[in-house]
Amino acid sequence: MVTTGKKVKTFIIDGKDVSGTEDQTVIEVCRENNIEIPTLCHLEGLAEVGACRLCLVEIKGSNKLLPACVTKVHEGMEVITASEGLKKYRIKILELFFSERNHICSVCVSNGICELQNLAQRLGMTHVHYPYLFPKFDVDASHERFVLDNNRCILCTRCVRVCDEIEGAHTWDIMGRGIESMVITDLNKPWGESESCTSCGKCVAVCPTGALVEKYKNAVDKSFMYKKDKLKFLPYLTTMREVKNEQS
Amino acid sequence: MSKVSEDIALNTGSDTNSAKVKAATVWLDGCSGCHMSFLDMDERIVELLEKIDLLYSPLVDHKEFPDMVDVTLVEGAVSSHEDLEKIRKVRAHTKILVSLGDCAITANVPSMRNPFGVEAIMKHAYIDTAVTKDVIPNEVVPELFEYSRPVHNFVKVDLFLQGCPPPADAIHFLLTELLEGRMPDLTKVSRLGK
Ligand code: SF4
Ligand code: FES
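Those protein sequence lines, which keep their order, are chains Y and G.
Sequential numbering of the first sequence, starting at 1, is according to this note's numbering.
Sequential numbering of the second sequence, starting at 1001, is according to this note's numbering.
Extracted from the complex, chain G is given alone in its bound form (with noise of 0.2 Å):
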């Protein structure tokens, strides 16, 4: 197994940490409004990080997945093969995938570029609207697919929470019924566009 991934192991076969719940977030084609919404909740993250390990993240350093978390957040739509190759490879080291706001779940805002088509939105974005040079970037950048999609299109989800961003307290809500051993009904405390 590769570096990190001892250091992980490190991490969590220390005393105080192993009966922690392991979990992760990720990231894909989305604003970071979740991960914010995240951040959101405020000190009660404090309380959450005494009885979650949070092993992978955008908010945190490690830069592998881990070899198997309880619960993963996924952010975002899927809109490369950069995206699906991550959105796998979380699925396949992860117990309960949830995924978290409406870019995941329905691909929401970045869908909105689907009905034009790739061509036509790159020269819009990289070509007319341009300020400094004129050229559609083919490296760097994923190339994208025809159609953002939502994530459950390609791997299989467990639960979803609703929301642009779903509200600080329903992932919270989240979040503490998974702790409780429960698979929640989430349609009570957030909903689409919310």
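Only chain Y is shown next, with the shape it has when bound in the complex (with noise of 0.2 Å):
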């Protein structure tokens, strides 16, 4: 915790004493102190949008849930991450995202490292109550080394984010409102003819399910990304160098 020029806050979280400073948000805290919260929209090193809604945590004195990413922290506040309530909030959050679109574990390339299926498992999600909505989404494959399939999408915009504050490009973007929104790349050109994309990679290894996949390649397993000792600084840069290094 650097403080230097910052106030520091003291308050609770589920009944321990911590402490950080005022530009910092929940979910820093509750990391700095192993405190787990699922997310699946925040990524160190990218700006929080608080687009999924898994972070939600209690509060005392406010009457909603708020999002741990995007809620800074202040003197006294009391909060509480994992209450009875909250799991079943995360379970619901977790079978609208598979309701919305087709996601076919069984039959993806990311099966066994994506995060949305492993949170499913982790938070002990047994089935979708919600009717599934099946929409039509297209796959675009016009990409040399890239796939998107936006039935995997789950509208976390981290390769949005990535491409915008890391690499400099925005090619991403959102198109579309609600539950019709999908990922684009330029003004909805296929990505294969992208004037703005690099080639770098760098929403691939950021996307956490199997949406933005690499051709003919098993995908590769990120969770070494969120291992405290790789999360130094822009983790999925490193990932890349060492994705590409392995293959090489």
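Here are the simulated BS3-like pairs of lysine-lysine, each with C-alpha atoms no more than 25 Å apart in a straight line:
(1) Lys87(Y) x Lys72(Y)
(2) Lys92(Y) x Lys1188(G)
(3) Lys87(Y) x Lys64(Y)
(4) Lys1188(G) x Lys87(Y)
(5) Lys60(Y) x Lys9(Y)
(6) Lys1123(G) x Lys136(Y)
(7) Lys1051(G) x Lys1063(G)
(8) Lys1063(G) x Lys1020(G)
(9) Lys64(Y) x Lys16(Y)
(10) Lys1063(G) x Lys1089(G)
(11) Lys1051(G) x Lys1095(G)
(12) Lys1188(G) x Lys88(Y)
(13) Lys1020(G) x Lys1095(G)
(14) Lys60(Y) x Lys92(Y)
(15) Lys88(Y) x Lys1156(G)
(16) Lys1156(G) x Lys92(Y)
(17) Lys72(Y) x Lys7(Y)
(18) Lys87(Y) x Lys1156(G)
(19) Lys16(Y) x Lys60(Y)
(20) Lys16(Y) x Lys87(Y)
(21) Lys6(Y) x Lys16(Y)
Pulled from the structure, derived: some chain Y residues nowhere near chain G, Cβ distances all over 12 Å:
(22) Thr10
(23) His170
(24) Ile179
Note that these hints are calculated values from the structure, not bench results.
Since the model is a prediction, treat every value here as computed from it, not as a measurement.
Every residue gets a Cβ at the ideal spot worked out from N, C-alpha and C, and that includes glycine.
Make one complex out of these two single chains by using the hints.
Printed below as a string of structure tokens:
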């Protein structure tokens, strides 16, 4: 915790006294204190968007649940990260993800290393209560090296952010509204024809599901990106390099 | 009651069998992989059969679903009226209904046709890619529902064992737990796509 010039706030998470600087979010302080909160859209090094809502926590005195990744800490706050109610809500959120697209784990290249699938098991999702929508999304395989399958996208926007904030290309964006939203390249051109794409592969490295994958390759286990010692600076950059090295 | 259920009554009425748990398995829209995984329990099946009577299943010979069984494992999604009628009947005659495998739980592989529509996939399967005669069958094979859907969309399901197919060890765990009178937490032993 670097405190230079920043005010330190002390507060409570799950009954434990903790502290953080005023510019920190609840999730950052949780991670520093080894308090686990499930996340999908959050990725260290990228701007927070609060898109997936998995990190919802209870804060005493507030009658709504707040996403830990975009909630700044304040003095004396009391945070609860793991009540029975929260567990249920998180499972419901996962079920909504599964029902909105065509996530067919058994035929997915990311089977076994998908963050959505892993969370479903970890949080104990037995089945999806909501009716599946079975929407029709096309697969864009026009890029030389990569494939986009919107059927597997959870709209976390990690790809959009890494491309814009780290690579500086802003090839990715979101088109449409609500349930019909989808990630697109350039102005909804086929990815292979994109003029802005540098083919760096950062989007593929950060995608938590099988929506963005490398052609002719088994998806790469990215879970080590979240391990403490790797989480220094922009882990996905190292990831890409390591993946390349392994493959060459 | 029909002849077959009398047979079953006889079968379960004998001294050695009377205390056994009555079980069944059914196969809807699935590839039979879950049943293969069931068989993969290998010699443990023999042990299980000391405590379980498998009264109805693609693996045994009875043609009618028995009056009442304690547990039924169902493989496959519900994709047609035939599936629906079957599973309704099974539900009415089963105490604990278990969705066995991803097809029963999520519609999984059978659901891959859903976004395209029945007409398009029938045309693709029976006309565009036909090697012998190109007609869409309208007899013998049941007409498809617009969507393949999970079993729990139609009847109440009591337990869900995920996996494509669920590993034999997980099926064994499920059955031994049920025999002990416990409703197991199955997310610990398998997952979607396993
Ligand atoms: S393609 Fe992947 S990284 Fe991009 S929004 Fe969808 S799930 Fe997230
Ligand atoms: S991690 Fe906080 S909303 Fe997604």
